[in-house]
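Student: For reference, the chains in residue letters:
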Amino acid sequence: MTLGHYALRRLLLGVVQVAAVATLVYLLVAALPGDAAVALAGDNPDPERIEQIRVAMGLDRPVWERFAEWLWGLTHGDFGVSIVSGRPVADFLADGLEPTLLLAGLTMLMLVPVSVLLGVASARREGGWLDRVVTTTAVGLHAIPEFTLAIVLIALFGVQLAWLPPTAVGTDGDLLAEPAVLVLPLIVLLARPICSISRLVRAAMIDAAASDYARHARRLGLSARRVRYAHALPNAVAPAVQQMARTTDWLLGGVVVVEAVFVIPGLGTILVDAVAGRDLPVIQGLAVLFAVTTVLVNLVADVVAFRLAPRAVT
Amino acid sequence: MKAVLRYGIGGLLVAVPLLLAVAGPLFVPDALTRGAAFGDTGPLGTDFIGRDVWHQVLLGGRTVVLVAMLATVLSYLVGVPIALLAAMTRRRWVDEVLMRPLDVLLAVPSLLVLILLASIAPRGVLTLVLIVALVNVPDVARIARAAALEIASRPALEAMRLQGETWWRTAVGYVGRSMLRTLVADLGIRLTAALYLVASASFLGVGVPPDASDWAVMVDRNQTGLFLAPEAVMAPALLIIALSVGVNLVFDRALRDRGRAWL
Numbered sequence: 001m002t003l004g005h006y007a008l009r010r011l012l013l014g015v016v017q018v019a020a021v022a023t024l025v026y027l028l029v030a031a032l033p034g035d036a037a038v039a040l041a042g043d044n045p046d047p048e049r050i051e052q053i054r055v056a057m058g059l060d061r062p063v064w065e066r067f068a069e070w071l072w073g074l075t076h077g078d079f080g081v082s083i084v085s086g087r088p089v090a091d092f093l094a095d096g097l098e099p100t101l102l103l104a105g106l107t108m109l110m111l112v113p114v115s116v117l118l119g120v121a122s123a124r125r126e127g128g129w130l131d132r133v134v135t136t137t138a139v140g141l142h143a144i145p146e147f148t149l150a151i152v153l154i155a156l157f158g159v160q161l162a163w164l165p166p167t168a169v170g171t172d173g174d175l176l177a178e179p180a181v182l183v184l185p186l187i188v189l190l191a192r193p194i195c196s197i198s199r200l201v202r203a204a205m206i207d208a209a210a211s212d213y214a215r216h217a218r219r220l221g222l223s224a225r226r227v228r229y230a231h232a233l234p235n236a237v238a239p240a241v242q243q244m245a246r247t248t249d250w251l252l253g254g255v256v257v258v259e260a261v262f263v264i265p266g267l268g269t270i271l272v273d274a275v276a277g278r279d280l281p282v283i284q285g286l287a288v289l290f291a292v293t294t295v296l297v298n299l300v301a302d303v304v305a306f307r308l309a310p311r312a313v314t
Numbered sequence: 001m002k003a004v005l006r007y008g009i010g011g012l013l014v015a016v017p018l019l020l021a022v023a024g025p026l027f028v029p030d031a032l033t034r035g036a037a038f039g040d041t042g043p044l045g046t047d048f049i050g051r052d053v054w055h056q057v058l059l060g061g062r063t064v065v066l067v068a069m070l071a072t073v074l075s076y077l078v079g080v081p082i083a084l085l086a087a088m089t090r091r092r093w094v095d096e097v098l099m100r101p102l103d104v105l106l107a108v109p110s111l112l113v114l115i116l117l118a119s120i121a122p123r124g125v126l127t128l129v130l131i132v133a134l135v136n137v138p139d140v141a142r143i144a145r146a147a148a149l150e151i152a153s154r155p156a157l158e159a160m161r162l163q164g165e166t167w168w169r170t171a172v173g174y175v176g177r178s179m180l181r182t183l184v185a186d187l188g189i190r191l192t193a194a195l196y197l198v199a200s201a202s203f204l205g206v207g208v209p210p211d212a213s214d215w216a217v218m219v220d221r222n223q224t225g226l227f228l229a230p231e232a233v234m235a236p237a238l239l240i241i242a243l244s245v246g247v248n249l250v251f252d253r254a255l256r257d258r259g260r261a262w263l
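Chains as they are written, first to last, in the UniProt record's numbering: chain V, 1 to 314; chain W, 1 to 263.
Extracted from the complex, chain W is given alone in its bound form (with noise of 0.2 Å):
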């Protein structure tokens, strides 16, 4: 009950557009009707080329909640083991090769990045995942990297390998393991950061399709019609934003929580 209370707000405004990302596809039938350009036809009206914008909403989160976790978690894979190599070698080369070309992409601005990427590539749920991956990756090994070097620098783990033993169990067993209280403490900011990127990069029009049941997309091409029918834009963005502020009060609570815990 505490925790119900505690998380209350925050919860609330995930679950909304969690819960319609996830089950909406199930309640749309599959004939899909047409009418007139934002009419008023359906609970919310219709959108810019008459589909109903009720049906839409429940078809557009999944995109987004899906590409922003994917990429998340990806971006975890490839950056955790990278710093884990450059932060336990002996070799400081090894160490500059891994990290600076991450710097040069630090150094460029995220959304261009993704601009540019996905002009490159095909259009598709994949790519935009690779892509905004790709772009958190730099953020997620500095901060896996300077978390390894402390715990790298431990007398524990001069102990360790005194004891002769393997690099495996050292690295990944003891440094790995220890690491992950600083990765969960920053997960929610990389998910908070992946969301952002997948709505403000499907606003642009950067990798989806022009006509896609996607709430970032709805929200740029019934802008439109702004004048005639506001829900068609209002539900849409509103969705992303409670979907966006409550993921980052309940990890914000989770992490002062925990924090208290640990100290």
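Just chain V, with the same shape it has in the complex (with noise of 0.2 Å):
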């Protein structure tokens, strides 16, 4: 299979993915109790203004009717608009976009140096001091939920030492005019994903020193150097990315979290507030962009996973 025909097969599984996921948010947002105009109709609810505001809102309408209208939308790229605000939930997702994609960006950026280079460092000598030290620690560190990770960083070095700023308050979420504010979030970003790779870069460089390519190549008389690393290497990158698009998913779930200890003002903490005041539109933007945002990007590690690889994807 060349990679054209790959990719084009992946993208179509893609598309797929997300009009199922679409489907089923709305379908599930559809089934939340109480909807909006009740919310609305604030805490004396009368029948009849309930009634009305339904009508307005055009929630008296069939189910199928909206979630064409809905998906008609999506394709123009109108998400609605917010029932608790009346703001379009497309400004919502403009504003909590930009702090979470610095984050996430940053995290990756960091991500994948620094747990290839772990993983390559400690498989050089396995069993080796430094080999034992990185498997330990990852063993331990990767269970870890993030936000108790965040709450002891934030308690000893935001409190107790003072080093940094404990959240994000007072930045009005131009987090790049004061860049110590990032420092922890960052940390407890990488923490999970840093575990799970470098450990899987590590077993993948093991695997590849003792195949038969390796030796063969070690046999025709190439430097120890450039088998490890012109060789080695891009076979042992390859599950290491599709692992890494992995991680997205839990570098969507991790930042929700981190956002709401910092108190960042990302799409983690529209998410939460949303879901706290039955905001259906916003809501489902959010699902199908989270949706949209996985799929790409195992797409894209897929494809390359396919180009350092072929043989190992089918």
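Treat the hints loosely; a few may be bogus.
Stretch-level coverage of chain V by chain W, calculated; a stretch enters the list once three of its residues show a Cβ under 8 Å from a Cβ in chain W [what the hints assert, rightly or not]:
id : stretch
1  : 123-132
2  : 141-151
Output of the computed footprint for chain W on chain V, the stretches with three or more beta carbons under 8 Å from beta carbons of chain W [to be verified]:
id : stretch
3  : 23-30
4  : 256-263
These aren't lab readings, by the way, just hints derived from the structure by calculation.
The beta-carbon is built from N, C-alpha and C at its ideal position, and this holds for glycine as well.
Make one complex out of these two single chains by using the hints.
Tutor: The following block contains the structure:
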């Protein structure tokens, strides 16, 4: 199978996935008890008033009709309007996108070199002190939920030692203006993915170094360094690339939690607020955005992995 | 003795929070004292509404541990039969119908699924168990299916089929039993994942009342008093960390020992 064929097949699968997720999310959210009309009518709802709001918002029409309209809007980049504040959902997404993308992007940017480096370094001397330290730390750190790690770091570096700002309050969403704010969130976000990916790279490097092609290359007289970095490394990185894509799932979950702890006004905070306020269009928009991101990242990762080690992917 | 040493750190890390979670509620007096918020009465001070933090620590482990364990068991009870059916069928469409919907679920970030479902369903421990189990089912089913497929292609199975053994005996009696090893090896990862999800969800206030006696909720609610009473946040946070790390270390250790014995 050529790269083009493979990419096309994955792309079609991705489109189906996004459509399925969008449908699922819409149906789920439509099943939420106490629709927005009830929420808007206030503490002491008067049935007539609820009915009025419902008609005004089009909530009295059948579900499939609203669903079709919503889907049609999506294809035009129209996510609908928030029922709590009346702002277009697209505005919400645009507002929250910057801090979240910044956090996720910086994490990915640091994740790749650090974890590949750690994996390669610990694979060079299997069972050596570096390998043992990295492996044990990875097993332990890997399991820690982000919010507990975050709170411990805040208590230590933010409150006790006062080296770093404990939260992002006061930056008004402009995180780059005060880079010190980003240090703790990034450490928290990196902790889990680094563990899983460096372990994966380590195992794959050890496998690759013991493989027939590596042995053959050494027999041909290629330098150990060339065998390791030009032949073993690409094969070892292929599974890691796919695992990195899987970590975008974690990253999104982690970002939601990290934003809550550090009071960063990103997509995660918007999601938590929207769920609390039963702001259905915003929830739906976010879910579609998250699904598209996850599918896209997985797509790119699979294609890259295919390019790196064509036989490994079926 | 050797076993004690081998599981030392991990075992200790698990034992302390587990003991607190299981036996803790027995040591809490019925009449709870109320004092000033973030005061210093009691061994660990008071929390954001003036309850004794030590009592809350004793009470708060139950939900985390219980929900994670029940959810893990449930996800196996649902995921493994699905995987067996999918792997053992001769009709391809059965496999597709069973596994494709799970792939879609995998494409959505798990915390998002959790938040969405928790906002639909009524609040409560049972809801949280069901949702965490549901989020874990696709992973369990995938791993179980891969294991079952590998076993199903063995010559032994071909022989059983030719002998005219019943589906039940081949699928459950042979394939199911041979899968156990892979499933046990995966158990630690699933349990850690469930713990992680339960704690993170409770922290975000999903599926639990805002004043619940729960370690994760304590971390969230007492965060405002981090400057005044750090113990009220640190005690539950460290307990969750100890539990998660401990579970992971113990299972990793057991797996490596077992792996050596099998080789």
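Student: Count the residues of the stretch 141-151 of chain V whose CB lies closer than 8 Å to any CB of chain W, then report whether that count reaches three.
Tutor: n = 10 at 8 Å, threshold three: holds.
Student: Report holds or violated for chain W covering the stretch 256-263 of chain V, Cβ cut-off 8 Å, minimum 3 residues.
Tutor: Since 4 is at least three, the answer is holds.
Student: Count the residues of the stretch 123-132 of chain V whose Cβ falls closer than 8 Å to any Cβ of chain W, and tell me whether that reaches three.
Tutor: violated (count 0)
Student: Okay, the stretch 23-30 of chain V and chain W, do three or more residues pass the C-beta test at under 8 Å?
Tutor: Contact hint for the stretch 23-30 of chain V vs chain W: holds, 4 residues under 8 Å.
When each numbered hint is compared with the structure, a violation occurs for hint 1 only.
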